[in-house]
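Undergrad: Which chain is which? The protein sequence lines are A and B, in order. Following our numbering, the numbering of the first sequence begins with 1 at its first residue and continues without gaps. Following our numbering, the numbering of the second sequence begins with 1 at its first residue and continues without gaps.
Everything labelled a hint here was simulated from the structure, so no lab data went into it. Every residue gets a Cβ at the ideal spot worked out from N, C-alpha and C, and that includes glycine. Don't take every hint at face value.
Said to hold, decoys possible - Pair ranges (Cβ atoms, derived):
| id | chain 1 | residue 1 | chain 2 | residue 2 | range |
| --- | --- | --- | --- | --- | --- |
| 1 | A | E78 | B | E527 | 53 to 61 angstroms |
| 2 | B | A122 | A | R31 | 38 to 46 angstroms |
| 3 | B | R125 | A | S91 | 50 to 58 angstroms |
| 4 | B | D89 | A | E78 | 43 to 51 angstroms |
| 5 | A | Q47 | B | D89 | 18 to 26 angstroms |
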Amino acid sequence: MPELMLFVTGTAPRSQRARANIARMLEHIHRTDIQPLEIDLLKQPEQGIKHSVFATPSLLRVSPTGEVSVLYGDLSEEDRLHRFLSDLERSV
Amino acid sequence: MNDAKTKLQKRETGIAGLDNVTGGGLPSGQATLVIGQAASGKTVLGLQVLARAIERGDGGVFVTFEESPAQVKRDVTSFRWNTHLLESDRWQLIDARPRFGAEAAGEFDIEGLLSIVGAAIAQTRATWVVFDGIDQLLQYQPDSRIAIEQVRRINEHCEERGWTLLLTGKATGDSMAPARLEGIEFLLSATLVLSARMVRQQLNRSLRIAKFRGSGHVADELPMIMDDEGIQLPYHETPPATKPLASNERVSTGIERLDKLLDGGIYRGSSLLISGRPGTAKSTLAGSFAEAAARRGERTLYVSFDELEGPYVRNLTSVGVDLRGPIESGLVRFHSLSAFASRVTEHFLMLRRLLDTVEPHCLVIDPVSALLKADGIEGASMATEHLIDLVRRRGITTVLTSLSGVQDPEGEATQGQVSTLADSWIVLDYNVRAGERNRSLSIVKSRGSAHSNQQRELVLSDTGIDLADVYEHGSEVLMGTARVTMASEEAATERRRQLERKQRRMDLERRIEQAEQERHRLADELELEKGRSTETDHQERIHRKQIKQRRDPERENLRADATVKGKQP
Chain A
1 MPELMLFVTG
11 TAPRSQRARA
21 NIARMLEHIH
31 RTDIQPLEID
41 LLKQPEQGIK
51 HSVFATPSLL
61 RVSPTGEVSV
71 LYGDLSEEDR
81 LHRFLSDLER
91 SV
Chain B
1 MNDAKTKLQK
11 RETGIAGLDN
21 VTGGGLPSGQ
31 ATLVIGQAAS
41 GKTVLGLQVL
51 ARAIERGDGG
61 VFVTFEESPA
71 QVKRDVTSFR
81 WNTHLLESDR
91 WQLIDARPRF
101 GAEAAGEFDI
111 EGLLSIVGAA
121 IAQTRATWVV
131 FDGIDQLLQY
141 QPDSRIAIEQ
151 VRRINEHCEE
161 RGWTLLLTGK
171 ATGDSMAPAR
181 LEGIEFLLSA
191 TLVLSARMVR
201 QQLNRSLRIA
211 KFRGSGHVAD
221 ELPMIMDDEG
231 IQLPYHETPP
241 ATKPLASNER
251 VSTGIERLDK
261 LLDGGIYRGS
271 SLLISGRPGT
281 AKSTLAGSFA
291 EAAARRGERT
301 LYVSFDELEG
311 PYVRNLTSVG
321 VDLRGPIESG
331 LVRFHSLSAF
341 ASRVTEHFLM
351 LRRLLDTVEP
361 HCLVIDPVSA
371 LLKADGIEGA
381 SMATEHLIDL
391 VRRRGITTVL
401 TSLSGVQDPE
411 GEATQGQVST
421 LADSWIVLDY
431 NVRAGERNRS
441 LSIVKSRGSA
451 HSNQQRELVL
461 SDTGIDLADV
471 YEHGSEVLMG
481 TARVTMASEE
491 AATERRRQLE
501 RKQRRMDLER
511 RIEQAEQERH
521 RLADELELEK
531 GRSTETDHQE
541 RIHRKQIKQR
551 RDPERENLRA
561 DATVKGKQP
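Based on the sequences and whatever the hints tell you, model everything.
TA: What follows is the structure, encoded as structure tokens:
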């Protein structure tokens, strides 16, 4: 499973903001190598049931040990998002 | 938009009492808020509505935000309608519990949820959707205004897609909305409030329609029962379509001379109340009525409160009333109930079920005043009122007895309004004179009959009951205590006369009220009938539109373009 999954609904404003916010944060922590897998629940509703994600946008993280954690919302709270991804951070 | 969209449509919930008090169900194509404290029956209500929909051949979707799917299924198991849910694939149970340890970093919306549910609705052809405990998800919303906004969004979505949805949430204190969702009750057109309160160690459940925009409804707190049949509103089950029969046939009371006084007996399908102090032979009269019914080959349901069958039947035998024979032949079905064991509403439900299974011609409840002893905040008057209404509609000839106090021979009968509702009323009493105790009988009212209002003496012997005329004052000169007795008897007669007058007035008022109610009911029915046909049209329109869109969403546009181009010079 990919490391990061971003659940969105089409071009809804909050989904758009989440796309931009996660991209900015990945750049900030020097992990542009990670491409979150985007899942559009309007097109693939069954993925929501599969991953138990019903709020959009949501960022799902699967650790190498298979542990899943989730962050709801448009990721506009930078501190929270930063903390959520802190162990992925690389110093250049 | 068109008429069908702006006009309120209703969809049956399949819970007879609820459909009855709402005049046909909850708003179709909209969301209804169901709020209540923990364990007030919100989840059960949702599940029951789905089970009934599936039973009718429809489908359903249940989205749980709080309980695990396993727990929801366990909830279902304890109800009689569980097979509709446990063995059907026409519904989908979606586990939408927020993930453990989830956090929020900004606002989110529920478009994803709606898309997921939409897919499930298409798959199951659902007519009902339940969002159970939506507050569990929306509490992650950093701003409560946005949470409320999303409830509005859900309702809009329902209107666009024609979903009929129940939205349940936990009530906090006296608020009409879950915590952080204050105000959502104003957004939705209907709100149900469920409650479960402990009153004198007993759980009293109730359902209240707090709001139903654009629809007539009963606004009272309605006593609710939850047993293996699920949620029921015992007093508001849809009455059978048959109109109450106004029979001209007379039915014997089992006492020839009493029948004569009553102009030939009581009307079939009417109700007779017999009230009196302890030991005035109420049970004997009731027993002789049942015995006479058995002689005619009619079935009687005989309910005794707080007395067991054995001693009861034996006591009657000693005064020449034989119930043993009819009980053995099955014409008299004797049921002994304990007044204290249940609440009034439960007694009513029990009696209704007995009536359903026995399907009697006649009913005896001895004494109906025992219901007054049973606890229940709803009060006994509601129970007796509905009971009399029920037997009247079913054409069951009914005898109810009522125990009154020593000082007040008519007393208790007026409680619970039984005397107002019953068609006939006989008061039993006794006079002690010259060391002799004489039982007396007088007919306080007998609707639709010319009846004698003179007091008679009731004579009991081992061959049965008879009446004797009383001779005023007799041949003796009344002295001492006898004179006092005489005076108090005159006072009693006067009181009784006034009571009769009051009774007649109350009867007339009651009849006016009944006629009013009937008018309202018929008006609602007419409204519902109109609604039903528009609803069908509306559903058909949606269906046609969906088929068209599915076939080719673009074609419509292309054709429109082509027409425009074609028209240009």
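Undergrad: Take the hints in turn and mark each one as holding or not.
TA: Verification of the hints:
1. Between E78/A and E527/B the CB atoms are about 56 angstroms apart, so this pair conforms to the stated range of 53 to 61 angstroms.
2. Evaluation of the 38 to 46 angstroms hint for A122/B and R31/A yields a pass: the beta carbon distance comes to about 39 angstroms.
3. For R125/B and S91/A, the hinted distance range of 50 to 58 angstroms is satisfied, since their beta carbons lie about 56 angstroms from each other.
4. At roughly 46 angstroms, the beta-carbon separation of D89/B and E78/A lies within the given 43 to 51 angstroms, and the hint holds.
5. The hinted window of 18 to 26 angstroms between Q47/A and D89/B holds, with their beta carbons roughly 22 angstroms apart.
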